[in-house]
Amino acid sequence: MIGDIVERAVHLILNGDRELFGIIALSLQVSGSALIISSVLAIPLATIIGLSKFHLNSFLVNVMNTFMGLPPVVVGLILYILLSRNGVLGFLGLLYTPTAMIIAQSILAFPIVVSLCHTAIVGIDPVIKQAAEALGATRFQTALLVIREARYGILSAIIAALGRLMSEVGAILIVGGNIAGYTRVMTTTIAMEADKGNFEMAVALGLILLLISMVINLLLQRVQTKKMKSTAL
Amino acid sequence: MRLQLRLSNIRKSYRNVSVLIDCTYNFDNTGVYVIMGKNGSGKSTLLRIAALLESPNYGSVEYYINGVLQRTDIQLKRRITIVLPKIGVFNTSVYTNVAFGLKIRGLRGKELDERVRDVLSFVGLHHKIKQNALTLSSGETQRLGIARAIAINPAFLFLDEPTSFIDEENTKVIEDIILQLKDDKKSTIIMTTHDKNQAERLGDFILLLNKGMLFPGDKQAQNTLFSSSYLENI
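From first to last, the protein sequence lines stand for chains A and B. FYI, the numbering for the first sequence is 1 to 233, going by my numbering. FYI, the numbering for the second sequence is 1 to 234, going by my numbering.
Please note: incorrect hints may appear among the correct ones.
[What the hints assert, rightly or not] Once the Cα atoms are required to be at most 25 Å apart in a straight line, the calculated DMTMM-like pairs of lysine to aspartate or glutamate come out as:
(1) B:Lys77 to A:Asp17
(2) A:Lys226 to A:Asp125
(3) B:Lys86 to A:Asp4
(4) B:Lys130 to A:Asp17
(5) A:Lys129 to B:Asp184
(6) B:Lys38 to B:Asp22
(7) B:Lys130 to B:Glu169
(8) B:Lys130 to B:Asp118
(9) A:Lys196 to A:Asp17
(10) A:Lys129 to B:Glu54
(11) B:Lys77 to B:Asp113
(12) B:Lys77 to B:Glu54
(13) A:Lys53 to B:Glu168
(14) A:Lys53 to B:Glu114
(15) B:Lys186 to B:Glu114
(16) A:Lys129 to B:Glu169
(17) B:Lys172 to B:Asp204
(18) B:Lys182 to B:Asp167
(19) B:Lys86 to B:Glu169
(20) B:Lys211 to B:Asp183
(21) B:Lys128 to A:Asp125
(22) B:Lys38 to B:Asp118
(23) B:Lys196 to B:Asp28
(24) B:Lys128 to B:Asp176
(25) B:Lys103 to A:Asp125
(26) B:Lys38 to B:Asp204
(27) A:Lys129 to B:Glu161
(28) A:Lys196 to A:Asp4
By construction, these hints were calculated from the structure, which means they are not laboratory data. Because the structure is a prediction, the values reported are computed rather than measured.
Construct the complete structure from the given sequences, taking the supplied hints into account.
Put into structure tokens, the structure is as follows:
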């Protein structure tokens, strides 16, 4: 049984099944776009929270920490309601499109990136900030320096978020609709094949997904060992 | 165009504990001012306030050029700098550490490169230019801090305990650096130390900080104070 599944997976990859590659490509595209969008918004926010002294800061961090565990189905459902024809954002016509999936995943990744980046930024020794100010840096220049100092932590945050997005199924299934050749991604395909009783295919796809996750984790590990090296000295 | 500093009635307390009670002094000359005092006497606090890194609870920190009060803006802040006891090493090469202050002032290319190399030669770190700055010894780290500060040609250079945590050899190197800067007569150096011999070796003006107050005095007066072991008793 296991041999069959692995054979199937290898066969699927080697034979260059066009549909499969389309599915993998869309998975990477949706999760990658969501990751970029959420990071671009989250890193500045995390930096502002980390470097400023607003009263709201600890509350915001709490909210972000809570939202890190946001169930994807709930996000999918709320977005579905907003994007459906009668919804507030129904006029955009985004339901069952890759864009809707990107929005859903951006929402999921955002708190993860904010929270982990915030941890990385507050972890930077305040002396660094003072040194930058003493050398005549503006607040913006100081913030850029602190981001650079926190780069390994920030990179880890981004990779962690990508891991979550690549494995996510609930939200994109609801707002994407798993339409063949349009909104079908790895995880929704696996769910569907399992439903159809097509276990071999489902597990084979699962293996490929696992392989991608493994590459992501290897990256994470490399970043972290590099970080440990640089802080140990 | 010389920058002058006037501290008037500086008062500072942390959580109701008074650190500085009433510090007044005019730093009008170039050269080396040494502020002496026991641990916890408020030397660092005074230096941080004078360097505009912190605000006093009361009193004023004013910089003048030819008697004209300068606005406390980024332009002024960029003419003064402080090297803290923990210098705050940036996790990057020695070169990039020194280049930071210059880059944020818009210096680029050959000019930047030459300046960084000059300064690193000056403090004797040119052979470590590509090394990650976090791997430097504590003496080298302190020299890096000074290099980073003098790269920007400050009119006022504050050095907070520049030789406290380092060995004799590096202390000598740093003292030589300070003496050379003193000979250049380009900047006013205000440093703290609790080593009275060092204060004598380096200082043109020696000030004592005791019980939150700053006592000025000329060198001769200080010598009398030293000889009467005044320092041990305060």
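A quick look at each hint next to the structure:
1. Between B:Lys77 and A:Asp17, the direct Cα distance comes to roughly 63 Å. Violation of the 25 Å bound is thereby established for this hinted pair.
2. In summary, the hint linking A:Lys226 to A:Asp125 is supported, as the alpha carbons are separated by about 19 Å, within the 25 Å threshold.
3. With a C-alpha separation of about 62 Å, the suggested pair B:Lys86 and A:Asp4 falls outside the 25 Å cut-off, and the hint is violated.
4. Restraint check for B:Lys130 and A:Asp17: not satisfied, since their Cα atoms lie roughly 49 Å apart, outside the 25 Å limit.
5. Between the alpha carbons of A:Lys129 and B:Asp184 the distance comes to roughly 30 Å, so the proposed pair goes past 25 Å and is violated.
6. At most 25 Å may separate the alpha-carbon atoms for a hinted pair to count; B:Lys38 and B:Asp22 meet this at roughly 17 Å.
7. Under the criterion of a C-alpha separation no larger than 25 Å, the hint pairing B:Lys130 with B:Glu169 is consistent with the structure, at around 23 Å.
8. Proposed proximity of B:Lys130 and B:Asp118 is supported: the alpha carbons are some 15 Å apart, at most 25 Å.
9. Taking the CA atoms of A:Lys196 and A:Asp17, the gap is about 20 Å. The hint holds against a cut of 25 Å.
10. For the suggested pair A:Lys129 and B:Glu54, the alpha carbons sit about 13 Å apart, so the restraint of at most 25 Å is met.
11. Between B:Lys77 and B:Asp113 the CA atoms are separated by roughly 23 Å; this keeps the pair inside 25 Å, and the hint holds.
12. With a CA separation close to 12 Å, the supplied pair B:Lys77 and B:Glu54 stays within the 25 Å bound.
13. Annotation: proposed proximity of A:Lys53 to B:Glu168 is violated, straight-line Cα distance about 41 Å (limit 25 Å).
14. A distance of roughly 39 Å separates the Cα atoms of A:Lys53 and B:Glu114; the hinted pair therefore is violated under the 25 Å criterion.
15. This hinted pair checks out: B:Lys186 and B:Glu114 have alpha carbons roughly 20 Å apart, not beyond 25 Å.
16. Between A:Lys129 and B:Glu169, the direct Cα distance comes to roughly 30 Å. Violation of the 25 Å bound is thereby established for this hinted pair.
17. For the proposed pair B:Lys172 and B:Asp204, the alpha carbon gap of about 18 Å is at most 25 Å, so the pair holds.
18. Between B:Lys182 and B:Asp167 the CA atoms are separated by roughly 22 Å; this keeps the pair inside 25 Å, and the hint holds.
19. Under the criterion of a C-alpha separation no larger than 25 Å, the hint pairing B:Lys86 with B:Glu169 is consistent with the structure, at around 19 Å.
20. Taken as a hint, the B:Lys211 and B:Asp183 pair is broken in the structure, with Cα atoms around 33 Å apart against an allowance of 25 Å.
21. Note on B:Lys128 and A:Asp125: the hinted pairing holds, with a Cα-Cα distance of about 24 Å set against a maximum of 25 Å.
22. Restraint check for B:Lys38 and B:Asp118: not satisfied, since their Cα atoms lie roughly 36 Å apart, outside the 25 Å limit.
23. A distance of roughly 23 Å separates the Cα atoms of B:Lys196 and B:Asp28; the hinted pair therefore holds under the 25 Å criterion.
24. A distance of roughly 20 Å separates the Cα atoms of B:Lys128 and B:Asp176; the hinted pair therefore holds under the 25 Å criterion.
25. Taken as a hint, the B:Lys103 and A:Asp125 pair is honoured in the structure, with Cα atoms around 22 Å apart against an allowance of 25 Å.
26. A distance of roughly 20 Å separates the Cα atoms of B:Lys38 and B:Asp204; the hinted pair therefore holds under the 25 Å criterion.
27. The straight-line distance between the Cα atoms of A:Lys129 and B:Glu161 is roughly 19 Å, inside the 25 Å bound, and the hint therefore holds.
28. Of the supplied pair hints, the one linking A:Lys196 and A:Asp4 holds, its CA atoms being roughly 18 Å apart against a limit of 25 Å.
Checked against the numbered hints given earlier, the structure breaks hints 1, 3, 4, 5, 13, 14, 16, 20 and 22 and satisfies all the rest.
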